[in-house]
Structures are given as C-alpha cells and as structure tokens.
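**Q** With the numbering used here, the residue at position 112 of the sequence shown is 112, and numbering never jumps.
If you're looking for bench data, these hints aren't it; they were derived computationally from the structure.
Careful, some of the hints might be misleading.
Unchecked claim - Distance ranges between label pairs, derived from CB positions:
{"id": "1", "residue 1": "M5", "residue 2": "N52", "range": "45 to 53 Å"}
{"id": "2", "residue 1": "E108", "residue 2": "L147", "range": "35 to 43 Å"}
{"id": "3", "residue 1": "F30", "residue 2": "T54", "range": "40 to 48 Å"}
{"id": "4", "residue 1": "R46", "residue 2": "F233", "range": "51 to 59 Å"}
{"id": "5", "residue 1": "C151", "residue 2": "C106", "range": "13 to 21 Å"}
{"id": "6", "residue 1": "S32", "residue 2": "C106", "range": "49 to 57 Å"}
{"id": "7", "residue 1": "S92", "residue 2": "T130", "range": "36 to 44 Å"}
{"id": "8", "residue 1": "N52", "residue 2": "N86", "range": "40 to 48 Å"}
{"id": "9", "residue 1": "L19", "residue 2": "P102", "range": "54 to 62 Å"}
{"id": "10", "residue 1": "P211", "residue 2": "T67", "range": "41 to 49 Å"}
{"id": "11", "residue 1": "R107", "residue 2": "M5", "range": "52 to 60 Å"}
{"id": "12", "residue 1": "E22", "residue 2": "P102", "range": "24 to 32 Å"}
{"id": "13", "residue 1": "G16", "residue 2": "N86", "range": "45 to 53 Å"}
What the hints assert, rightly or not - DSS-like cross-link-like pairs, simulated, lysine-lysine; straight-line CA separation at most 25 Å:
{"id": "14", "residue 1": "K24", "residue 2": "K41"}
{"id": "15", "residue 1": "K44", "residue 2": "K24"}
{"id": "16", "residue 1": "K34", "residue 2": "K44"}
{"id": "17", "residue 1": "K72", "residue 2": "K41"}
{"id": "18", "residue 1": "K72", "residue 2": "K24"}
{"id": "19", "residue 1": "K72", "residue 2": "K34"}
Owing to the predicted nature of the structure, the values given are computational and were not obtained by experimental measurement.
Beta carbons: idealized from backbone N, C-alpha and C, even for Gly.
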Amino acid sequence: GCCPMCARQVGQSCDGTALCDETKGLVCQFVSNKATVGVCKAIKGRPCTIYNQTYDNGETFMLDCRTQCACKNGTYACASLCPQENISPRGSCRHPRLVEVPGQCCREWMCDGESVQRPPQCLAEFSQWTPCSSSCGLGLSHRVSNLNPDCKPRNETRLCQLRPCYSQFIKPLHGRSHHIRRGHECKATQRLGATVHLVFGQCRSRRRYRPRACGECGGCCLPELSSTVRVEFACRAASGLEDMETGSDLWKTEAKPLHGH
1 GCCPMCARQV GQSCDGTALC DETKGLVCQF VSNKATVGVC KAIKGRPCTI YNQTYDNGET
61 FMLDCRTQCA CKNGTYACAS LCPQENISPR GSCRHPRLVE VPGQCCREWM CDGESVQRPP
121 QCLAEFSQWT PCSSSCGLGL SHRVSNLNPD CKPRNETRLC QLRPCYSQFI KPLHGRSHHI
181 RRGHECKATQ RLGATVHLVF GQCRSRRRYR PRACGECGGC CLPELSSTVR VEFACRAASG
241 LEDMETGSDL WKTEAKPLHG H
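My request is simple: use the sequences and hints to build the entire structure.
**A** The following block contains the structure:
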C-alpha cells in the first residue's frame, strides 16, 4: 500500500511524489521544462479591477458605504452592510419606501405619516411655482425646492387647474353672479356647486373636495395666492372610472350636471 507523507511547505523541494500543500495554495514550480525537482511556491492570484480601481487578490474593499467586497483571483463577491434594507416592513406600514437619513449610510424604511428629520444646518430654499400650463382644465406647475430629506435642490411638479373648461360645472357663490366694477382688478372666485371626487387619469381621490376656481371675467385672470394639498388617489381598472384625456377637467361630479346660469 501507499505510505502517508506530509505535504511540502513554502520553499521546500517537491517532485511528482513529494507534493506541495494545496490547501495553502502552494504549487511545485520548476526552473525549466527539463528539471525533475522543483520548489513549493504560492501562486499569486489575479487582481480585480472595478470602476477603474485595482484591488489585489484577497483584498477587502468597499464598493460604497453600504457594500463590502472581497477580491479572489480576478473575481469579487460582495455583501450588504445594511441587510435591513432588504426586509420590507409589513402590516401597519403604508406605502413603505427607503429614504436617506442624515448622518448615516444605511437607509431606513419610512411609512406614510412618518417624517425624516432634516439636517439642522439646512436652510429652506425654493422657487415660486410656475404659472399653470393650461388656462382651463388640467395643467402642470413646476418649481425647484430643497424641501426633502437630503436638503438637495430637486425639480417638483404639481397638478393645477385655474378653472374647468366647461362652465356649466361652476355655480356662482351665494347663487348670484359676481360683478367686477369698471377699472377694478378681476379677483372673482367661484366654487363647484357640490363636493366632488378629483379625477386624474384612471384614478380618483379617496376624499371629496369642493375646489375654488377663477371666475369667468372675460379677461386674463390669474390667482394671486395658491396652496398645495396632498391628495390620496385610488386607482382602479378603466371600467370603474371614465377615461380622462390630457387637458380634461381635474374634477367631475357624480351627481346630476348643473344646468343654467
């Protein structure tokens, strides 16, 4: 039978019977093709190049602040340092989403109704909302603001509507017309005759609203003040709501249409 032999270590001689310790990555290297005896040496693994950065074999490095990687013979494997980011909260958490938290690398899950603390040194900066893109019906308004958890300027967009495109949906305040005297600036406003669901595409607001709109003064009347509210929409199949084309009214009534003026 065969006699057990100790594996050769670094720097020791080796041949076809005296083998090097493979568990330590040692191989028998010969000085020439004709040599019968070699020396046990460690093979230097290939480095890894990631994003124009080279890492040695066996080196551990950070791909970003949330990811740690290790190079092994030309390839690399990574592991997350923020495993909680992969576990989405369930149950009472509504609309969970990952948000950046000032002063730490790992993001945290945030649910509707929660707010992330802004950096104390962050000064609020924002531009004015642009005029509504449509003179009647649904339009868009834009601004640049840093009112976000990272305190960085971002483009924001909101829905807007100065007035419906169909005047029969508007009922004057107090049931009578509002007259603008000659030489005075037009500031007349009107409300819908009843509370309605706001409709955007195939989505409808969960609550009812009674929006205020610019009056029909015959001139170019624009609001001096505006406010932005967060509206929660419920989106269903097209069969449940009327299809709304771009430029359609933001609101629609479920009651009978109002007739007359």
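**Q** For every hint, state whether the structure bears it out.
**A** Hints versus structure:
1. M5 / N52: 45 to 53 Å: Holds, since M5 and N52 (Cβ atoms, about 47 Å apart) stay within the stated range.
2. E108 / L147: 35 to 43 Å: At roughly 19 Å between Cβ atoms, L147 and E108 fall outside 35 to 43 Å, so the hint is violated.
3. F30 / T54: 40 to 48 Å: violated (30 Å)
4. R46 / F233: 51 to 59 Å: holds (54 Å)
5. C151 / C106: 13 to 21 Å: holds (18 Å)
6. S32 / C106: 49 to 57 Å: This hint holds: roughly 56 Å between Cβ atoms.
7. S92 / T130: 36 to 44 Å: At 38 Å between Cβs, range holds.
8. N52 / N86: 40 to 48 Å: With a Cβ separation near 28 Å, N52 and N86 fall outside 40 to 48 Å, so the hint is violated.
9. L19 / P102: 54 to 62 Å: This hint holds: roughly 58 Å between Cβ atoms.
10. P211 / T67: 41 to 49 Å: holds (48 Å)
11. R107 / M5: 52 to 60 Å: holds (55 Å)
12. E22 / P102: 24 to 32 Å: Because 51 Å falls outside the window, the suggested range is violated.
13. G16 / N86: 45 to 53 Å: holds (50 Å)
14. K24 / K41: Roughly 10 Å separates the two Cα atoms, so the pair holds.
15. K44 / K24: The given pair, whose Cα atoms are some 12 Å apart, holds under the 25 Å limit.
16. K34 / K44: Measuring from Cα to Cα gives roughly 24 Å; hence the hint holds.
17. K72 / K41: Holds, at roughly 18 Å.
18. K72 / K24: holds (14 Å)
19. K72 / K34: Status violated; Cα separation ~32 Å.
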